[in-house]
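Protein sequences appear in the order of chains A and B.
Counting in numbering that gives the first Met the number 0, the first sequence runs from 0 upward without gaps.
Counting in numbering that gives the first Met the number 0, the second sequence runs from 0 upward without gaps.
Bear in mind the hints are in silico, worked out from the structure with no lab data behind them.
Keep in mind that the hints are not guaranteed to be accurate.
As the list claims (entries may be wrong) - Some chain B residues near chain A, calculated using beta-carbon distances under 8 Å: (1) Ala33; (2) Ala35; (3) Leu40; (4) Lys110; (5) Glu114; (6) Arg117; (7) Gly159.
What the hints assert, rightly or not - Restraint-style ranges between C-beta atoms, simulated for each label pair: (8) Arg74/A with Arg275/B: 10 to 20 Å; (9) Asp25/A with Leu252/B: 55 to 65 Å; (10) Gln180/A with Ala17/B: 48 to 58 Å.
What the hints assert, rightly or not - A few chain A residues that don't get close to chain B, going by computed Cβ distances all over 10 Å: (11) Glu94; (12) Leu108; (13) Glu183; (14) Arg298; (15) Thr308.
Computed from a prediction, not measured in an experiment: that's the story for all the values here.
We put the CB at the ideal spot given by N, CA and C, even for glycine.
Each chain, letter by letter, is given below.
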Amino acid sequence: MPPSRVHPAIRVASLRKHFGALPALDGIDLEVPTGTVLGLLGPNGAGKTTAVRILTTILRPDGGRAEVLGIDVARHPQAVRERIGLAGQYAAVDENLTGRENLRLVGRLAHLPRRTIAPRADVLLDRFGLSDAADRPARTYSGGMRRRLDLAAALVHRPPVLFLDEPTTGLDPASRSDLWQVIEDLVADGSSVLLTTQYLEEADRLADRIAVIDKGRVIAEGTPATLKAGLGGTVVAADFGEPAASARAAGVLSSQLGLSPELDGSTLQLTVDDGPRTLTRVLRALDDADLTPAGLTVREPSLDDVFLTLTGHRDGDDDAADPTREPALARGAA
Amino acid sequence: MTATTLPRPTALVEPPAAPSLALRSRHAAGDAVAVAKRNLLAYVRLPELAVFSTIQPIMFVLLFRYVFGNSINLSDPNVAYVDYLMPGIIVQTAVFGAAATGIGLAEDLQKGLIERFRSLPMARSAVLAGRTLADAVRNVFVMALITLVGVAVGFRIHGGVPAYLGALALILVFAFALSWVVATIGLSASNGEAAQAAIFPLLFPLTFASSAFVDTSFMPGWLQAFAEHQPVTITVNAARDLVLGHPVGWGVLASLAWSAAILAVFGPLAVRRYRRAA
Chain A
0 MPPSRVHPAI RVASLRKHFG ALPALDGIDL EVPTGTVLGL LGPNGAGKTT
50 AVRILTTILR PDGGRAEVLG IDVARHPQAV RERIGLAGQY AAVDENLTGR
100 ENLRLVGRLA HLPRRTIAPR ADVLLDRFGL SDAADRPART YSGGMRRRLD
150 LAAALVHRPP VLFLDEPTTG LDPASRSDLW QVIEDLVADG SSVLLTTQYL
200 EEADRLADRI AVIDKGRVIA EGTPATLKAG LGGTVVAADF GEPAASARAA
250 GVLSSQLGLS PELDGSTLQL TVDDGPRTLT RVLRALDDAD LTPAGLTVRE
300 PSLDDVFLTL TGHRDGDDDA ADPTREPALA RGAA
Chain B
0 MTATTLPRPT ALVEPPAAPS LALRSRHAAG DAVAVAKRNL LAYVRLPELA
50 VFSTIQPIMF VLLFRYVFGN SINLSDPNVA YVDYLMPGII VQTAVFGAAA
100 TGIGLAEDLQ KGLIERFRSL PMARSAVLAG RTLADAVRNV FVMALITLVG
150 VAVGFRIHGG VPAYLGALAL ILVFAFALSW VVATIGLSAS NGEAAQAAIF
200 PLLFPLTFAS SAFVDTSFMP GWLQAFAEHQ PVTITVNAAR DLVLGHPVGW
250 GVLASLAWSA AILAVFGPLA VRRYRRAA
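The following block holds chain A by itself, in its conformation from the complex (with noise of 0.2 Å):
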């Protein structure tokens, strides 16, 4: 029975994860149907890693079910680790081997025949651009290089199922565009992903489902057309110039017109279900109580905005960018 066809390639049932009294996943369902992109959204302590890193055999479930292709993962973990391929934020390969040899060295550890693991290797360092650099130590490849030569790594064994972590944290813009193609095309040749990301953008562009997640808990899950539907039909932002000037218009809008602007510093901004009629009653409003925005912009709403209703905090707030803090808090309390 070809497991695929019967099971997806990832589901996960009310898995819950306790690193001494701080639970990291607190219950979460997951869905990722064979040949489909999930993308896991959430900020860093959400509880992204470790789903993966129990999905990918690195941790232990406390409770509840994390299946691979139908494989349990606590119960037949090798079985897993055949099936899977994990690319990290880490950017996981040995610095003192070449490209070359880190893909080979994969290739044997994953036990493929001998006489495939040479040609394979030279196939993905052609495939991810990384041919010209095979034979040069990876301590010496840009950030990008890194990326490219890590998820090559992750690809050696052709595992039907792929865990990418952050996959581009980190990388510069031009360098992250790269990636996103490089994962188009194995998205196009089949692989089923599990994509985690702070990048509202990268979910939106590769992710064929999205589930936002925070403080181990899946608050919202979808496509990321449902999920900006589900918000209401547009974004309004108005710039006063000023904070007071745009807490007084919050003021005339909430008592006037019973709306829930949110503040940020001289910026307000509305979600409306009824754009244009709602907007003119607005700058109607303003107009009257002599506020005039210096700036005006009414867009359809984004992910950025999604996460902002769900969670009631922005994504990249605070310390959201620091890309060590959740495994820094898996490690201590392993």
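With chain A held as given, fit chain B onto it using these hints.
Chain B alone, transformed into the frame defined by chain A:
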């Protein structure tokens, strides 16, 4: 089609039968060798690592032979200090070399390499076995080198070459056992520097409060009590008897027993740390 023929949505797929013990053993050996090769390549790619692990023992030979040697008393006036010194230096080199296992593992852990290894269908033992194997290979190389340096500064093998090789083998076994101790420490450390900071305070007293460089009978009583019964002294004394051509008593067996006991405790501990480290 009846309902009973439908796959239950929660049915688990039973993975293919686990490979035979023979195949698993072959994989485990192959994986360990692959990892060992990877670790040894670091010495080729990072010349400073190779220089550090060879220059330092050579410096110790020269330092103790010419700087301290003339001031060190031995209770047996018939033994030349250089002959007394060399087995001690070789043990000291192997003991300090074991630190590389712990530091290397802590660095692999920090860089996420251990996670990659643990997500691969490779043998669970391979990362540790490969690392300790690579250390043993490096030790053989360094032992040969400092033997040559020793001979150049007057060291002579009195017990015959087979006994000398036996002494080296005894030291290799001891260093192998110790590398599982430092592996346990390294896998509990958050990075290479932390591992180093935890390992050397353990290795220094073991090495210097021993018979490696000095005659323990000149130590204060309380220290002597420790120095004469700790495993480094026992291994050094056994190796020294073999090198000097002295009658070998229970020393060789005692050293092997220490190595076996250390391995029995720290082998499983290190493997447990490896499985849990993340």
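Results of checking the hints against the structure:
1. Ala33: Interface hint status for Ala33/B: holds (4 Å vs cutoff 8 Å).
2. Ala35: Violated - the Cβ of Ala35/B stays beyond 8 Å from chain A, reaching only about 11 Å at its closest.
3. Leu40: Check passed: Cβ of Leu40/B comes within 6 Å of chain A, closer than 8 Å.
4. Lys110: Hint holds; Lys110/B Cβ to chain A Cβ min 6 Å, cut 8 Å.
5. Glu114: holds (6 Å)
6. Arg117: Constraint on Arg117/B satisfied, holds at 5 Å.
7. Gly159: violated (40 Å)
8. Arg74/A with Arg275/B: 10 to 20 Å: Between Arg74/A and Arg275/B, where Cβ atoms are some 18 Å apart, the hint holds.
9. Asp25/A with Leu252/B: 55 to 65 Å: holds (56 Å)
10. Gln180/A with Ala17/B: 48 to 58 Å: violated (39 Å)
11. Glu94: The assertion about Glu94/A is violated, with a minimum of 8 Å to chain B.
12. Leu108: violated (4 Å)
13. Glu183: holds (23 Å)
14. Arg298: Since the minimum Cβ distance to chain B is about 38 Å, Arg298/A lies beyond 10 Å and the statement holds.
15. Thr308: Given a closest Cβ separation of 33 Å, the condition holds.
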